[in-house]
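All chains should be modelled from the sequences, with the hints used to inform the complete structure.
Respectively, the protein sequence lines represent chains R and Z.
The working numbering applies: residue 1 is where the first sequence begins, and numbers increase by one.
The working numbering applies: residue 1 is where the second sequence begins, and numbers increase by one.
Since the hints were derived computationally from the structure, they do not count as laboratory data.
Idealized CB from N, CA, C, for every residue including glycine.
Just so you know, not all the hints are guaranteed correct.
Chain R is nowhere near these chain Z residues, computed Cβ spacing over 10 angstroms in every case [to be verified]:
| hint | residue |
| --- | --- |
| 1 | Gly38 |
| 2 | Gly143 |
| 3 | Val147 |
| 4 | Ala278 |
Computed from the model, here is a short list of chain R residues facing chain Z with C-beta under 10 angstroms [unchecked claim]:
| hint | residue |
| --- | --- |
| 5 | Asp25 |
| 6 | His42 |
| 7 | Thr62 |
| 8 | Ala66 |
| 9 | Glu68 |
| 10 | Thr109 |
| 11 | Arg116 |
| 12 | Pro166 |
| 13 | Ala207 |
| 14 | Gln209 |
Okay, the calculated bits of chain R under chain Z, using three or more residues with CB under 8 angstroms as the criterion [unchecked claim]:
| hint | stretch |
| --- | --- |
| 15 | 14-20 |
| 16 | 47-56 |
| 17 | 156-164 |
Chain by chain, the residues:
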Amino acid sequence: MRTVALSVNGRPAAAPVAARTSLADYLRETLSLTGTHVGCEHGVCGACTVLIDGVPARSCITFAAACEGASVTTIEGLETDPVTDALRAAFSRHHGLQCGFCTPAMLVTARDIVTRLPDADEARIRAELSGNLCRCTGYVGIVAAIREVLAAPPAAPAPVERALGPVGARTPEPRTGPEAPSAQLAQPAPSGVAVEESDTDGAADIAAQDWDQVMKDGTRLAQSFTVAFPPSTVWRFFADAGRVAGCMPGARVSALGVTDGRRQSVRGEVRVKLGPIVGAFGGVAEIETDEAAMSGTVRGLGRDANSDSRARVVIRYDVADAGSGTPGGTRVDVTLAFLLSGTLAQIGRSGLVRDVADHVTRQFVRNLEAALSGTPAAAPDEGVLDAGAAARSVLGARLLRFFRRLFGRG
Amino acid sequence: MKPAVFDYARPGTLVEAARLLADTGAGAKAMAGSQSLGPMMNLRLARPGRVVDLTAIPALRAVTRRADALVIGACVTHADIEDGRVEDVTAGLLPHVAGRIAYRAVRNRGTLGGSLAHADPAADWLTALSLVGAVAELRSPRGGREVAVSELMVASFTTVLEPDEIIAAIRVPVAGAGARWGWTKLSSKVGEFAHGLAGVFADPGRGTFRAAIGALDTAPIVIDDAAPLFGGPFGERLDQRLDEAALDRRLDERDVVDDYVRAMARVALARAAAQASARQASAGEGERA
Chain R
1 MRTVALSVNG
11 RPAAAPVAAR
21 TSLADYLRET
31 LSLTGTHVGC
41 EHGVCGACTV
51 LIDGVPARSC
61 ITFAAACEGA
71 SVTTIEGLET
81 DPVTDALRAA
91 FSRHHGLQCG
101 FCTPAMLVTA
111 RDIVTRLPDA
121 DEARIRAELS
131 GNLCRCTGYV
141 GIVAAIREVL
151 AAPPAAPAPV
161 ERALGPVGAR
171 TPEPRTGPEA
181 PSAQLAQPAP
191 SGVAVEESDT
201 DGAADIAAQD
211 WDQVMKDGTR
221 LAQSFTVAFP
231 PSTVWRFFAD
241 AGRVAGCMPG
251 ARVSALGVTD
261 GRRQSVRGEV
271 RVKLGPIVGA
281 FGGVAEIETD
291 EAAMSGTVRG
301 LGRDANSDSR
311 ARVVIRYDVA
321 DAGSGTPGGT
331 RVDVTLAFLL
341 SGTLAQIGRS
351 GLVRDVADHV
361 TRQFVRNLEA
371 ALSGTPAAAP
381 DEGVLDAGAA
391 ARSVLGARLL
401 RFFRRLFGRG
Chain Z
1 MKPAVFDYAR
11 PGTLVEAARL
21 LADTGAGAKA
31 MAGSQSLGPM
41 MNLRLARPGR
51 VVDLTAIPAL
61 RAVTRRADAL
71 VIGACVTHAD
81 IEDGRVEDVT
91 AGLLPHVAGR
101 IAYRAVRNRG
111 TLGGSLAHAD
121 PAADWLTALS
131 LVGAVAELRS
141 PRGGREVAVS
151 ELMVASFTTV
161 LEPDEIIAAI
171 RVPVAGAGAR
181 WGWTKLSSKV
191 GEFAHGLAGV
201 FADPGRGTFR
211 AAIGALDTAP
221 IVIDDAAPLF
231 GGPFGERLDQ
241 RLDEAALDRR
251 LDERDVVDDY
261 VRAMARVALA
271 RAAAQASARQ
281 ASAGEGERA
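So this is what it looks like as structure tokens:
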């Protein structure tokens with residue numbers, strides 16, 4: 001084993017690898033960047049094509065050890081690349097993908113065509129695509145998508161400065177320090193949650209995030225529920241982040257802090273289980289409350305170390321009198337927006353996520369009611385948010401009926 | 001599908017690389033861009049005990065211009081030639097050849113020296129660099145020697161290189177202004193290995209009229225004086241002057257017996273000859289205009 005240090009998607013990566021580990025396996029298995037696909041493993045199908053030092057190369061027949069100091073960009077790192085962005089939209093419009101296996105590498109090659117060959121005609125596009133096999137589309141949609149982007153290309157990234165020789169293979173001389181590899185980065189670092197969390201109260205981490213992006217691009221859900229307690233009681237309860245978190249299935253608070261009168265910070269972990277998928281998102285959240293309006297906003301960010309997935313969540317809640325429906329009761333409206341990145345983002349099917357959120361909300365309400373009335377929760381809390389367990393169990397089915405009745409949604 | 005276990009070394013100098021390769025007990029193999037050796041190792045067709053990666057050696061990635069030749073470091077890539085990052089001294093032939101090797105993602109790592117040392121009979125550079133009269137500069141602990149690229153390969157995947165001998169550079173003669181060439185690669189799919197491969201190169205200033213035929217399942221046939229093959233000096237309608245009997249004799253000498261391979265060789269050579277003649281004709285018009 002030797003430690004190979006390189007830059008991947010603008011972030012430094014260093015991990016021990018066996019000499020025989022391909023760059024593709026290093027990306028997929030060590031860094032969990034599974035957007036790079038592995039097909040034939042001898043350089044023919046093109047599914048593993050990534051950018052090395054800004055230009056396409058085969059990661060299945062390039063050894064990770066030979067990329068010491070290189071700058072590698074995978075499909076995950078092209079999230080904010082303007083050319084790739086235009087190509088993604090065009091691929092969607094022209095049905096340029098079906099099963100999606102070839103797509104990440106197809107986009108890498110398409111980006112190379114758009115940036116390197118602005119005058120490419122259809123014949124040239126097809127010749128250039130000969131190194132990326134697609135067995136679904138017949139290439140018609142792919143070629144049409146690339147032609148469309150070539151006809152109105154977004155501002156191209158600056159041309160890549162290249163030394164002679166194989167991309168990714170550095171000679172010792174130009175390397176002056178650990179910063180040297182990233183000097184050739186052709187794309188901005190992806191806007192993700194910082195991997196390294198500070199040991200402060202997390203306010204800086206929270207402030208550094210682009211929360212508008214979460215609201216704009218994230219999956220959005222709205223939930224409402226009523227509880228049989230007066231609004232002032234519910235509001236007081238909501239003001240205590242520790243107790244609210246205690247009602248949240250799978251949540252565990254490890255530290256609480258107060259930034260100022262209206263803001264609270266929470267450090268902790270949320271464990272999520274969805275069938276075989278288990279995530280433990282550790283991170284920080286900040287809760288901002290408006291006493292007069294009885295509303296609050298939670299901004300949280302967390303990272304699951306096992307899958308290297310990151311989540312950013314914005315939750316807004318409004319507490320109000322339930323009105324005639326539940327005399328003396330309280331209605332709580334919750335809107336939630338979240339953005340996942342990394343491995344777990346692959347299961348970002350909104351229907352599935354909505355279902356899980358429904359389930360979480362039901363559990364949360366059940367726990368909230370129990371906490372407000374000072375009785376133990378109606379069902380034992382396993383400490384893990386298990387989305388499937390409740391639906392599978394008789395108790396779960398009964399609870400489901402109960403809450404549907406309670407919320408008038410049954 | 002993973003390669004068998006091997007030790008990996010990444011020396012920074014030619015001397016160190018040669019020393020690592022000289023240790024015969026290690027089953028050492030030199031590697032450049034890994035675009036041919038990599039697949040073979042993944043398929044476990046190749047199981048070197050030690051891989052000596054040559055790509056960190058600065059000298060192998062340098063290009064030097066001399067008065068009559070361009071010296072190209074062995075680790076210069078196909079894409080470097082294709083894109084013109086390396087000066088062209090062959091009237092456009094080498095960039096043309098480079099751009100038709102495999103796929104762009106492969107060309108960004110595959111190297112001239114690696115291709116020559118690998119000696120796949122269907123690969124492009126052995127035939128193309130032989131066609132322009134290039135010379136390989138070799139280095140070993142015993143010093144240096146030079147071998148014409150046309151003499152480098154002795155059989156499929158077999159060269160005259162000693163185990164500890166490294167191709168350091170390829171010296172390409174500077175062609176004159178009147179140089180003309182034709183190059184044909186026959187494949188059933190863009191980017192795959194050639195089924196037929198041939199080139200014709202004429203440089204009147206140097207008195208050169210050469211032909212080369214590759215993809216023969218053995219070393220390329222390089223004909224230093226192509227005049228007898230075409231019944232006279234380089235000129236127009238060369239393809240119509242191709243002496244098929246003379247070509248058959250050449251193929252017989254090399255024990256090329258497969259009818260398909262022979263037919264592909266004949267067609268590729270005729271097309272390359274026609275292309276070279278057409279360039280001659282259009283250049284002539286240009287001179288008259």
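Hints versus structure:
no. : hint    : verdict
1   : Gly38   : violated (3 angstroms)
2   : Gly143  : holds (24 angstroms)
3   : Val147  : holds (22 angstroms)
4   : Ala278  : holds (20 angstroms)
5   : Asp25   : holds (8 angstroms)
6   : His42   : holds (4 angstroms)
7   : Thr62   : holds (6 angstroms)
8   : Ala66   : holds (6 angstroms)
9   : Glu68   : holds (7 angstroms)
10  : Thr109  : holds (7 angstroms)
11  : Arg116  : holds (8 angstroms)
12  : Pro166  : holds (4 angstroms)
13  : Ala207  : violated (41 angstroms)
14  : Gln209  : violated (35 angstroms)
15  : 14-20   : holds (count 3)
16  : 47-56   : holds (count 4)
17  : 156-164 : holds (count 3)
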